[in-house]
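Visitor: Given next are the chains, with one letter for each unit.
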Amino acid sequence: MVLEFKLPDPGEGIHEGQLVKWMVKEGDEIKEDAPLAEIETDKAVVEIPSPEDGKILKLHAKEGDTVKVGSIFVTIDDGSGEKPKEETKTEEKEPEEKPEMKIEQKPMETPAPQTKQEPEQIPQPQQVQPQTPPAPSTSQQSETPKGKAFATPAVRHYAREKNVDINQVQGSGPGGRIEKQDIDNFLGTPTQQQTQPQPQQPMQPPQPQMPQQQPQPMQQPQQPQQPFYPQYPQYYPQPMPQPPMPQLPQKPALMFKPAQIVLEGNADRIPLSGVRKIISEHMEQSMYTAPHVTHFEELDVTDLVEFRKNEKADAEQQGIKLTYLPFIVSAVVNALKKFPYINSSLNEQTNEIVLKKFYNIGIAVETDAGLMVPVVKNAEQKTIYQIGKEINELAQKSRDRKISLPEMSGGTFTITNVGSIGGIYSTPIINYPEAAILGVHRIHELPRYINGELQPRKILNLALSFDHRIIDGATAASFVNEIKKQLEEAKFSNVK
Amino acid sequence: MPKTVKHKFEIEHLQILDEDGNVDEKLEPKIADEDLKKIYETMVVSRVFDQKAVKMQRQGKLATFAPSTGEEAAMVASTFALRKQDWMVPSYRESPCFITRGVPLEAIYIYMKGSEEGSRGEPDAHNMPVSVPVGSQPLHAVGLGYAAKLRKKDEAALVFFGDGATSEGETLEAMNFSGAWKTPTIFLCRNNGWAISVPTTKQTAAESFAQKAIAFGIKGIQVDGNDVLAVYAATKEAIERGSKGKGATLIEAITYRMGMHTTADDPKKYRKEEEVEPWKEKDPIERFEKYLRKKKLLDDNYKEKVWAEAEEKVAAAAKKSEEFKAGHISEIFKYTFAEMPYIIKEQMDYAQKTWEEENNG
Amino acid sequence: MAEMNIVQAINNALELEMKNDESVVVLGEDVGVDGGVFRVTDGLIDKFGEERVIDSPLAEAGIVGTSVGMAINGLKPVAEMQFSGFIYPAMQEVISHAARIRNRTRGVLTCPLVVRLPYGGGIRALEHHSESMEAMFGHIQGIKTVVASNPYNAKGLLIAAIRDPDPVLYMEPKRMYRAMKQDIPDEAYTVPIGETNVVKQGDDITLVSWGAQMEVAQEAIESLGNVSVELIDVQTIYPLDYKPIVESVKKTGKCVILHEAARNFGPAGEIIALLNEHAFTSLEAPIKRVTGYNVPFPLALSENYYLPSAYRVAKAIKEVINY
Chain V
403 MVLEFKLPDP GEGIHEGQLV KWMVKEGDEI KEDAPLAEIE TDKAVVEIPS
453 PEDGKILKLH AKEGDTVKVG SIFVTIDDGS GEKPKEETKT EEKEPEEKPE
503 MKIEQKPMET PAPQTKQEPE QIPQPQQVQP QTPPAPSTSQ QSETPKGKAF
553 ATPAVRHYAR EKNVDINQVQ GSGPGGRIEK QDIDNFLGTP TQQQTQPQPQ
603 QPMQPPQPQM PQQQPQPMQQ PQQPQQPFYP QYPQYYPQPM PQPPMPQLPQ
653 KPALMFKPAQ IVLEGNADRI PLSGVRKIIS EHMEQSMYTA PHVTHFEELD
703 VTDLVEFRKN EKADAEQQGI KLTYLPFIVS AVVNALKKFP YINSSLNEQT
753 NEIVLKKFYN IGIAVETDAG LMVPVVKNAE QKTIYQIGKE INELAQKSRD
803 RKISLPEMSG GTFTITNVGS IGGIYSTPII NYPEAAILGV HRIHELPRYI
853 NGELQPRKIL NLALSFDHRI IDGATAASFV NEIKKQLEEA KFSNVK
Chain Y
329 MPKTVKHKFE IEHLQILDED GNVDEKLEPK IADEDLKKIY ETMVVSRVFD
379 QKAVKMQRQG KLATFAPSTG EEAAMVASTF ALRKQDWMVP SYRESPCFIT
429 RGVPLEAIYI YMKGSEEGSR GEPDAHNMPV SVPVGSQPLH AVGLGYAAKL
479 RKKDEAALVF FGDGATSEGE TLEAMNFSGA WKTPTIFLCR NNGWAISVPT
529 TKQTAAESFA QKAIAFGIKG IQVDGNDVLA VYAATKEAIE RGSKGKGATL
579 IEAITYRMGM HTTADDPKKY RKEEEVEPWK EKDPIERFEK YLRKKKLLDD
629 NYKEKVWAEA EEKVAAAAKK SEEFKAGHIS EIFKYTFAEM PYIIKEQMDY
679 AQKTWEEENN G
Chain E
4 MAEMNIVQAI NNALELEMKN DESVVVLGED VGVDGGVFRV TDGLIDKFGE
54 ERVIDSPLAE AGIVGTSVGM AINGLKPVAE MQFSGFIYPA MQEVISHAAR
104 IRNRTRGVLT CPLVVRLPYG GGIRALEHHS ESMEAMFGHI QGIKTVVASN
154 PYNAKGLLIA AIRDPDPVLY MEPKRMYRAM KQDIPDEAYT VPIGETNVVK
204 QGDDITLVSW GAQMEVAQEA IESLGNVSVE LIDVQTIYPL DYKPIVESVK
254 KTGKCVILHE AARNFGPAGE IIALLNEHAF TSLEAPIKRV TGYNVPFPLA
304 LSENYYLPSA YRVAKAIKEV INY
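Chains as they are written, first to last, in this note's numbering: chain V, 403 to 898; chain Y, 329 to 689; chain E, 4 to 326.
Any given hint might turn out to be false.
What the hints assert, rightly or not - Stretches of chain E that chain V covers, calculated by requiring three or more beta carbons in the stretch to come under 8 Å of a beta carbon on chain V:
# : segment
1 : 108 to 120
2 : 274 to 288
To be verified - No farther apart than 30 Å at their CA atoms in a straight line, the calculated lysine-lysine pairs in the DSBU-like style are these:
#  : chain 1 : residue 1 : chain 2 : residue 2
3  : Y       : LYS480    : E       : LYS50
4  : Y       : LYS412    : Y       : LYS366
5  : Y       : LYS681    : V       : LYS758
6  : Y       : LYS572    : E       : LYS50
7  : V       : LYS433    : Y       : LYS653
8  : Y       : LYS647    : V       : LYS457
9  : V       : LYS433    : Y       : LYS389
10 : Y       : LYS648    : V       : LYS470
11 : Y       : LYS653    : V       : LYS408
12 : E       : LYS22     : Y       : LYS477
13 : Y       : LYS647    : V       : LYS470
14 : E       : LYS254    : V       : LYS679
Claimed, not checked - Among chain E residues calculated to face chain Y with C-beta under 7 Å, some are:
#  : residue
15 : GLU54
16 : PRO60
17 : ALA62
18 : ALA64
19 : GLY65
20 : GLY68
21 : THR69
22 : VAL71
23 : ASN76
24 : GLY77
25 : LEU78
26 : GLN95
27 : ARG105
28 : PRO168
29 : ASP169
These aren't lab readings, by the way, just hints derived from the structure by calculation.
Source: prediction; values computed, not measured.
Glycine included, every Cβ here is placed at the ideal spot set by N, Cα and C.
Can you build the whole structure from these sequences, using the hints too?
Guide: This is the structure:
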C-alpha cells in the first residue's frame, strides 16, 4: 500500500519544524526505523525514522522548508499492494480544547435561554410595546436593557405557560416590574385555563431527556479493549447498564389524592414494576398532557382483501407472511405526507410544533411482558413486502424480548392493531409525544348497499386518536379519508 | 573551652566490577548463573525497548518518552534484588524497572502512547505507577514501608529518583521521615549527571548525593551505577537492613544519561559530545558482557540470540501497542471515585451522547 | 446517648474507628503525646500506642505523602494538618497523587485516606490560621470534601470519611469546637458523604450554608421571626448533592448562600451555577451570597469586619424577599 506519512508531533506541542536535511532520495529503498530526515524545532533537532519498509515515492518538501506537523511529508510504497488502513479520527486530531469549550459555553442541555425566544412564540406581528421600566427604586435591582420586559425568570415562565406575550403586560411591581398578578390581570380572569391543576412550579426535567425524538445514540460504536489482566475481572467494571426502556422526564407529584382501594375479600398483590410500570407511566403522561379526541371511520376493503389474496402466494415464496398491516402502513405514510401536522410533536418547552420529514411507523405488539412498540424506520423508502417482512421480524424480536432500544425509538406515528384479537372500535391512547395513533380493528363481513344492491362486503373500522392541541377534527377527518381512499382503491405501486 | 568535634562522616564508594570486566572476588555477590543471565537478558531487552521507543515517538506512535539508555545497570540490577513482595516505586524514567518486574512491554508502550490502561498494573504486583512530579514519590515509599511494618509484613520499598529530585523538599522530607520512623525504604538516587539541562554542579554544593543521608540519620552509600554487581549487592544489603528493622538506606548510583531528558529535549543545546564520549566505554551492558564471558556464561552465539530475541519481543510489543486504540469515552469518568456520584454520572451521560452526535450525526 | 461538643465527637469517632478497625492510624504534628493542639486526639495514644498514633516530623507534604503510601498498602491513615492553611505545602501530594491514584491505575491501587483540617476564623488567631479553602478543594478531581457543623455530623461524617474508599478532606469548624453540645448516640454511625441535609423546612426562602456559619444562619433566622426560611446544611462540598437545594429553590423561588470563604470564585458560585441550570424558571429574585470579602483574612482586631454576621444574613434575606 502507498502510505502518505504525515509529519508527527516531535514532542510537547510543536506545530512545525524546519527540514534541515533529507537522508533519503526519491526511489530509494528504505527499512523501518531507518532515518528519513532531520527536522529542527524550537526545542531540538530530531531525526524522523521511517514508519515501515518500502520505497520512497515522493519527498514533499525541500531542505530548508518549514513543514507543518500533520502535513504529508513523505510518500512510501511498501510494495504490498494493499489498500491503506482507515486512520481513526482520534489519531488525527491535534490535542485541541474544542469539545470541552463547547460544554462550558452552554448550560448542560437546558433549552436555550427563553428570553431570546420571547418575540417568536406568539403568532403576532413584531411590533411589541416594550415596557421601559422607570428608574429602579433600589440600587440592587439590575438595569434591564430597553426593549425587554422587566420580569424574573419565574414570571416569564408563567407568562409563557399562559401563552401571554410578556412584552404586552404592564408591570405593577417594584420599579415597574411585571409580577404574576399582572399576567393574571392581563388575561382577564385569574381562573382562566385552570383545567389542569398545575403543580406549583413548572416541571423541570432534571436530565437532558427530551422526548425521544432525537436519534438516541445508545449504540457504543467504540470497541472495548482487550483487558490487560483478564484474570482480574473485578478491576474492569462493566459499562454502565443501559436502561431497558426509554427514560421518561421526571413525573410530577400525584395531582390527585389516590382513591382508597376497599377490599372485601382476598386479593393478590403484584408489584408494579418493569415494563408494566413504564407503560403505566407513559399512558398516564400521554392522557394528562394531550387532549385526546378519537375519530372513527368505516372502510370497505373488499378490493384490498382480494389484492392481498393474490399477493399472498408470491410473498410466501419470498418468506414473507403478508398481513394487512403493510398495506395500511403504506397508505398511512402517503397520507402523512399530505397532512404533515399529523406526523409531528409539540415541544411544550419551546412552544413549537415539530413537523417531521421522515416517517418512522411504530407498530404496537402485544408481548408477555406487556405492550411494546417497535418501529419501522423510513417506511416511505420501503416496499410493502419489505415493510411486511420487517414488521414480522420486529414483532418476533419483541416477543422474544430481544428487541433493542434503538429499534423501539424514533417513531413519528403509531399503528395499533387491536383487531387481531377482536373488537370493532376502540379509543387508543397516543404514543406521546407523537401527535396521533391509528387503531385498526378486525375485518368482518357485513351487508352493505352498493349501487342500490345489498352485498356482503368486507368492512374494516379505523379509529384515529389525535392530540387536539396540534390537530383539529377537520384535519383528522381528511387524513383518515385519504387513508380510506387508498385502501378502498387497493391500487398499490410499491408492492414488491 | 576548646571546640570538640561532635560528628564526622564518611561515604563509601563501591565498585565490584571495573570497566574491563575485572571483578573483586571478595566483594563479588553470590548470584546464581541463571539469574546472571536473566539480568543480562533483561538489560538487553531494556536497551532495545528504549531505542525502539524513541523511534516510535519520532514516528508519532508514542506521546513523550524518557529514555533510560546507559542506566540499565542502575535500574535492572537494583530491581532484580527485590523480592516478590517488595515494592518498586518509580519516577518516570524507569521503564527497565517495570520490565524487570515482569510488566508486559506493550503495557509500557501503551502508557507512553497515552492510555491509563498501561499504568493499570497487576493487583498485588507491588509496583507503583509512574510518578511525574519530580521528587513526590519517595514519600510514598516511606508510607508503604511503614504500613508493611505496622501490618507485620516483611515488605521493603525501593524508590527511584534522579539527582534533580534531591533538591525537592518532598524528597528530603521522605528521607527524614524514613529515618525517624525506621522504615524499610531504599532510596536509589540515579545520579545521571543531568536534570534536563542543569548539571549536578548547579544542583547542589554537596560533594556527593549519598552524604545527604547522613543529615537524616540514615545510611548512605555511593556505588558505581554502571556496575551490575555493585548495584545489586548494595540494594540487596539495603533490603536486608530494612527487612531486619535496621532502617533506611540511600544509594547513590553514579551513572550517565546517555540520551535526552525526554523526546522533547535536545541535549546538544547544553552539553558537548566530548562529555558523553567517555561514558560509552563505561557502558553497563558491555561491561557485564565481559564479566559473563569470563564466567563462561556468554559467547557470541548466546549474545546474538539474546539480542535477536530482544528485537523480536520489542517488535511484537510495539505492534501490539500500535493497534491499541483509545477506550470508550465513559472510561475517563469511571475511575474518579469508587462509586460514581450522580453529579459525575450526569456528565458522563452527556459526554457520551454529545460525542456520538458530534462524530456520527 | 451522651452530650458531646465537636471536639469530643471527633475524638469519639476516632476512638471507635480505631478500635473497630486495626488499619486506622492517626498521624500529624503533636497528635500523640500532646493529644493535638486542640486536644482533639487526646487519649488516643494511650489506648492505641505510638505506632498507631504517630507524632510525625514537622512536614505537611511528608505527612500527606507518607499517608498516601500507607493508604495504598492497606492502612487507613487519618492525617491531621494542624491548621487548614498548613495544607498548602501538601497540595502536590493531595492533588497529584491521593486524588489520582485510583484513576491512574484504573482502580487497581486506591488511596483511602482522610486529612483532618481545622478551618475557619473567629478565634483571634495568628495570620494564616483562619483559612477557608473549600472552593479550592472542591475543584480537585478525585477527592471528597466534607464540612462538619455540629457534634452529630462531626462524628458521623468523620466515621463515613474513614470508611470511604476514596480520599476525603474533612474540615472541622474550629471556632465551633466547644461552642455547642448535643446529645449524640454512643455507638458508631455515619452521616453519608454526598448528602445535603435540609435542617429546617420553610416556604419563603432557601438559605444554604455549611460549617461554622450554620450557627450564624440560625441566629439570622431567629432574628427575622416571621419569615419562613428553609435552612440547608450542605455537609459535602464535593461531590455536591445539589438536588435538594434545587428542589428547595423550586419551592421557594428565592435563595441566599452563606459562607465564610472569600467571595471570588467561592463555592457559592458553583451552587448558583447549578441553580441556574436546574431551577432557572423558578427564580423570583437574583440569588444573593453572603461571604467573606476578597481580601486576606484580617488579623484579630479586624476579624469581625470580615466574618459574615447574623445581621448581614438577615439583611440579605430581607432584600431577597422584598425584591
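Visitor: Holds or violated: is the Cβ of PRO168(E) closer than 7 Å to a Cβ in chain Y?
Guide: Result: holds, 4 Å to nearest chain Y Cβ.
Visitor: Can you verify the interface hint for ASP169(E): is its Cβ closer than 7 Å to any Cβ in chain Y?
Guide: holds, 5 Å
Visitor: Do the numbers back the hint for PRO60(E), that is, is its least Cβ distance to chain Y under 7 Å?
Guide: Constraint on PRO60(E) satisfied, holds at 5 Å.
Visitor: Straight-line Cα separation of LYS480(Y) and LYS50(E) no greater than 30 Å?
Guide: holds, 20 Å
Visitor: Is the interface hint satisfied for GLY77(E)? The criterion is a beta-carbon contact with chain Y at less than 7 Å.
Guide: Hint on GLY77(E): holds, closest Cβ of chain Y at ~6 Å, below 7 Å.
Visitor: Does LEU78(E) pass the interface check with chain Y, least Cβ-Cβ distance below 7 Å?
Guide: holds, 4 Å
Visitor: If you take the shortest Cβ to Cβ gap from GLY68(E) to chain Y, is it below 7 Å?
Guide: holds, 3 Å
Visitor: Given the hint that LYS254(E) pairs with LYS679(V), test it: the Cα-Cα distance must not exceed 30 Å.
Guide: holds, 28 Å
Visitor: Regarding the pair LYS433(V) and LYS653(Y), is the alpha-carbon distance no greater than 30 Å?
Guide: holds, 25 Å
Visitor: Using 7 Å as the Cβ threshold, decide whether THR69(E) counts as touching chain Y.
Guide: holds, 4 Å
Visitor: May I ask you to test the interface hint for ALA64(E) with respect to chain Y, counting a Cβ-Cβ separation under 7 Å as satisfied?
Guide: This hint holds: ALA64(E) lies near chain Y, its Cβ roughly 5 Å from the closest one there, short of 7 Å.
Visitor: Hey, does the GLN95(E) contact hint survive, CB to chain Y under 7 Å?
Guide: Status holds, d = 6 Å.
Checked against the numbered hints listed earlier, the structure breaks none of them; every hint is satisfied.
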